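Asks: In case you want the letters, here they are:
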Amino acid sequence: MDEEEKEVLFDIRNLKVYYYTLDGVVKAVDDVSLKIYKGETLSLVGESGCGKSTLSLSLCRLVQRPGKIVGGEILYKGSEDILKYDEKQIQQFRGSKVAIVFQDPTSSLNPVFRIGDQIVEAITIHQALKGKEAWKKSYEALSLVKIPSPEDMAHSYPHQYSAGMRQRAMIALALSCNPDLVIADEPTSNLDVTIQAQILLLLKELKEKLGTSILLVTHDLGVTAQLADRVAVMYAGKIVEIGPVEDFYKKPLHPYSKALLGAIPPPHKDVDMLQEIKGEVSSLVNPPEGCRFHPRCEHAMDICTKKDPELIDVGNGRKVACFLYKEGVMK
Amino acid sequence: MIMALKDYVVRRTFIALPTLFAISVIVFTIIHAAPGDPFQFFLGFNPRVSMETIEFLREKYHLNDPIWVQYISWLKMLLSGNMGYSFITHRAVSDAIMIRVPNTVKLVLTAELIAILLAIPLGTISAVKEGGIVDNISRVISLLGVSMPSFWLGILLILLFAVRLNLLPTCGSHTTGMVYSSTWESIKDQIYHLILPAMTLGYLRTAYLTRLLRSSLLDVLSKDYIMTARMKGLKERVVIYKHALRNALLPFVTAIGLAFGFLLSGAVLIETVFAWPGMGRLIVDATFTRDYPVIMGTTMMTAVMVVLANLITDIVYAFLDPRITYD
Amino acid sequence: MEEDMEKKIIKGRSYLRRFLRRFRRNYLGIFGAIIVFSLIFMAVSASTLFPYPKPRLEMRYTPPFKDWSVPLGTDNLGRDMLALIFYGARTSLKVGLGSIVLLFLFGVLIGSLAGYFGKWVDEILMRFTDIMLTIPTLFLIIVFLSMFEVRGTNVIIFAIGVTGWPGLARITRSQFLSLKKTPYVEAVQVMGGSSLRIMFRHILPNALPPIIVVLTFQMAGAILTEAGLSFLGLGDPTLISWGKIITQGRVSVATAWWESTFPGIAILFAVLGFNLLGDAIRDSFEVEKVG
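Chains as they are written, first to last, in my numbering: chain S, 1 to 331; chain W, 1 to 327; chain A, 1 to 291.
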């Protein structure tokens, strides 16, 4: 798994996304650099409010007011910076290159239009298909996600679908224009456990079949373990660790990653108590000086309160933002 | 579909009947529970009218019977299509109402139409460009509209358009005693008379509906399916006018139906300002003379109109929202 | 335990502080509050600042800004317009306050009973509320007024109060419905608190924010209704009312514009004041949309 060999789909460089609220400027994404490769599944992990959803929305430039992308660049296939696209270009880009599957399938489909209408709408703007052909394509998309008798179901409204079916339809909608990247933002957290498993299986199959890259945004390390090739951990607007999924689970590097993994019970083992991460998630309005995790960190040193650690390469395709590794305290 | 609709209307009508019955009982009781009666009130001070005359009149109009006896005889009359006779003019109440209803309906519907046509663009732009110039202007228009006494606005408009500019007539629904050379002339005359009252009432409704559409559109715009629509690469125009507005219109339609009663209440004042011969004038005049049958009949008629408006709203709603069926 | 208590108290205080902080930032709300305070001042000081306005026929139709003993001019009877406006504030506030007290009593009682007890109590009360909503309010008020030979202020207050509660009852009901299911209320129920005590001691205080918002808007509505009734000639004939002055000035609007213009502006500001205040309170309470 040498990363240099793989084609880079997205190259995010020093991205900054701020929300201008009455309480102050919220630095939801603060100087983040990240690469997404073709065909990989990257899992973006972190607690709620750490900026992971904002980061994923930036890839479609869908950050809403009062949020604003204030700096950095997002290079698509190594050349074009999508932050420089005009309104028309970004509209053509959305849906055809990147599509999003949102968290709650009940609210992410428009209740007053038939499922088919909603898929056909996307197909007609991105592909030279119209009328019957576009509808045929929508049946194909629905059967791809294993919706039974798609010809009938396409003519039904979202409220006539079950929650699991709705999420399938949403995935069909996202895949209908063959995007390079599908962002799945907590795709299963609003579903029943059994349906969660079905949706995860579906995503896995689709990824193998179509070779689409997936950016999985989640707080669930269980879901990550099932689907991801690589893991990126986000904390308070910054990426603190990136690496291949096996290495990450075997030996997490950043103290925050360790704490996160400590917070889920290992499977097949009796655990008396879940380890809790002490303290509260750092405020994004007034982040602490230095490393943002230091108030909660067991290993905090002097330097952590003064300087912001940068992501450093520790080999094997792993990177971590922590002074413990720079100083060589821990190996 | 048509059959389902027909069934639905029939069923809803049957559901509405008990409501209307209850309303008639309540209103009848209130009116007749009052001490005294019109004859005592008007003739009692007149020394030339003897107590016997008053007693005779009371007896003639069954005012000495217990309330429930009076109610039953009223209900019996109503079921045979008769709403009683005015104490004052002795004309059939149903005739008086039927002459007035079209005028009130004409006024109210024109006003509502003006309001809807203004509120949809104003409310939409206000929500989409939240905090922008249009939003701020429409906020001022709305705040003034919901705070302004309608009758006062009417008087100011009369002062401006009728008295100062002499553009429009001050009152009435048509020019009295005028002989029209053609139907078109007659219609034109009526439209001239309708403009000021409909504008006054319409402005107040615009104020309310604009705010309503703005807030429901803002609510819809924060929904996930709007993000989905944007994510698909749709033009912002399509996102707003197709995906958002369609959903925002749902509470808007409900409010239009529910507020029909407010509209009728507002019409009472507007009809007084412009001497518009509608139901509002009828009931106000009847109150001064304690003309029980007229008060009773007019109130029942407005309740029927509200029930009808609600029914129409529900049908329109079901057309707009696939989640609602006629079952 | 003690620490917990302290936390709670601080929370309560910080709730109020948060309310005030948000309110302070709301300039329109402050404008509304200033209007409301001015109204109260006018109502209270009317008889101190001005003698009761009496007809002085020799002064009829003095235009405004001409004679500074009557800055806003005089009406068709030669009464001082400014004094009339001050005395009118008294009537408006009296009717407004009186009717929202009645509204509160009816609305909260009916809404809380329906919301708390549910089932058939709810069914009956809400059916009744729907019926009341089917008759256009002004018609219902007029029906009530036709009961009385002499329509004094109390009768007007009664008519507005007794017809205006359905909206408030619905809000109260929905508040009670949701608060009834909170663990806190359920705990008190398990401990055997009486229904009455739970309803008014435990639930009502928590349901108050939206109720206060609705009442503020209703105050604006009551002032408008009183003006409308006076305009229709259904007001208290013995009191000075803005609506009545407008009616009276309507005849001479072409020659003496000020007679109906000034009281209209007074009504506009009074109603605007309460509407702005209501908006600001709603936004500062962080109450979800009501009314």
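To be clear, the hints were calculated from the coordinates, so they are not data collected in a lab. Among these hints, one or two may not hold up.
As the list claims (entries may be wrong) - Straight-line alpha carbon distances no greater than 30 angstroms define the calculated BS3-like cross-link-like pairs of lysine-lysine that follow:
id: 1; chain 1: W; residue 1: 129; chain 2: S; residue 2: 88
id: 2; chain 1: W; residue 1: 76; chain 2: S; residue 2: 132
id: 3; chain 1: S; residue 1: 132; chain 2: W; residue 2: 242
id: 4; chain 1: W; residue 1: 129; chain 2: S; residue 2: 16
id: 5; chain 1: W; residue 1: 106; chain 2: S; residue 2: 88
id: 6; chain 1: S; residue 1: 16; chain 2: W; residue 2: 235
id: 7; chain 1: W; residue 1: 235; chain 2: S; residue 2: 136
id: 8; chain 1: A; residue 1: 66; chain 2: W; residue 2: 223
id: 9; chain 1: S; residue 1: 136; chain 2: W; residue 2: 223
id: 10; chain 1: W; residue 1: 223; chain 2: S; residue 2: 130
id: 11; chain 1: W; residue 1: 223; chain 2: A; residue 2: 180
id: 12; chain 1: W; residue 1: 242; chain 2: S; residue 2: 137
id: 13; chain 1: W; residue 1: 129; chain 2: S; residue 2: 35
id: 14; chain 1: S; residue 1: 146; chain 2: W; residue 2: 242
id: 15; chain 1: W; residue 1: 235; chain 2: S; residue 2: 130
id: 16; chain 1: S; residue 1: 77; chain 2: W; residue 2: 129
id: 17; chain 1: S; residue 1: 84; chain 2: W; residue 2: 223
id: 18; chain 1: W; residue 1: 242; chain 2: S; residue 2: 130
id: 19; chain 1: S; residue 1: 84; chain 2: W; residue 2: 242
id: 20; chain 1: S; residue 1: 136; chain 2: W; residue 2: 242
id: 21; chain 1: W; residue 1: 188; chain 2: S; residue 2: 137
id: 22; chain 1: S; residue 1: 38; chain 2: W; residue 2: 129
id: 23; chain 1: S; residue 1: 88; chain 2: W; residue 2: 223
id: 24; chain 1: W; residue 1: 6; chain 2: S; residue 2: 68
id: 25; chain 1: W; residue 1: 129; chain 2: S; residue 2: 207
id: 26; chain 1: S; residue 1: 204; chain 2: S; residue 2: 35
id: 27; chain 1: W; residue 1: 223; chain 2: S; residue 2: 16
id: 28; chain 1: W; residue 1: 242; chain 2: S; residue 2: 38
id: 29; chain 1: S; residue 1: 84; chain 2: W; residue 2: 188
id: 30; chain 1: W; residue 1: 76; chain 2: S; residue 2: 68
id: 31; chain 1: S; residue 1: 6; chain 2: S; residue 2: 204
id: 32; chain 1: W; residue 1: 223; chain 2: S; residue 2: 68
id: 33; chain 1: S; residue 1: 84; chain 2: W; residue 2: 235
id: 34; chain 1: S; residue 1: 137; chain 2: W; residue 2: 223
id: 35; chain 1: S; residue 1: 204; chain 2: W; residue 2: 6
id: 36; chain 1: S; residue 1: 146; chain 2: W; residue 2: 129
From a predicted model like this one, the values you see are computed outputs, not experimental measurements.
Asks: Of the numbered hints stated previously, which ones are contradicted by the structure, given in increasing order?
Replies: Result: hints 2, 5, 8, 13, 16, 21, 22, 24, 25, 28, 29, 30, 35, 36 break, sorted rising.
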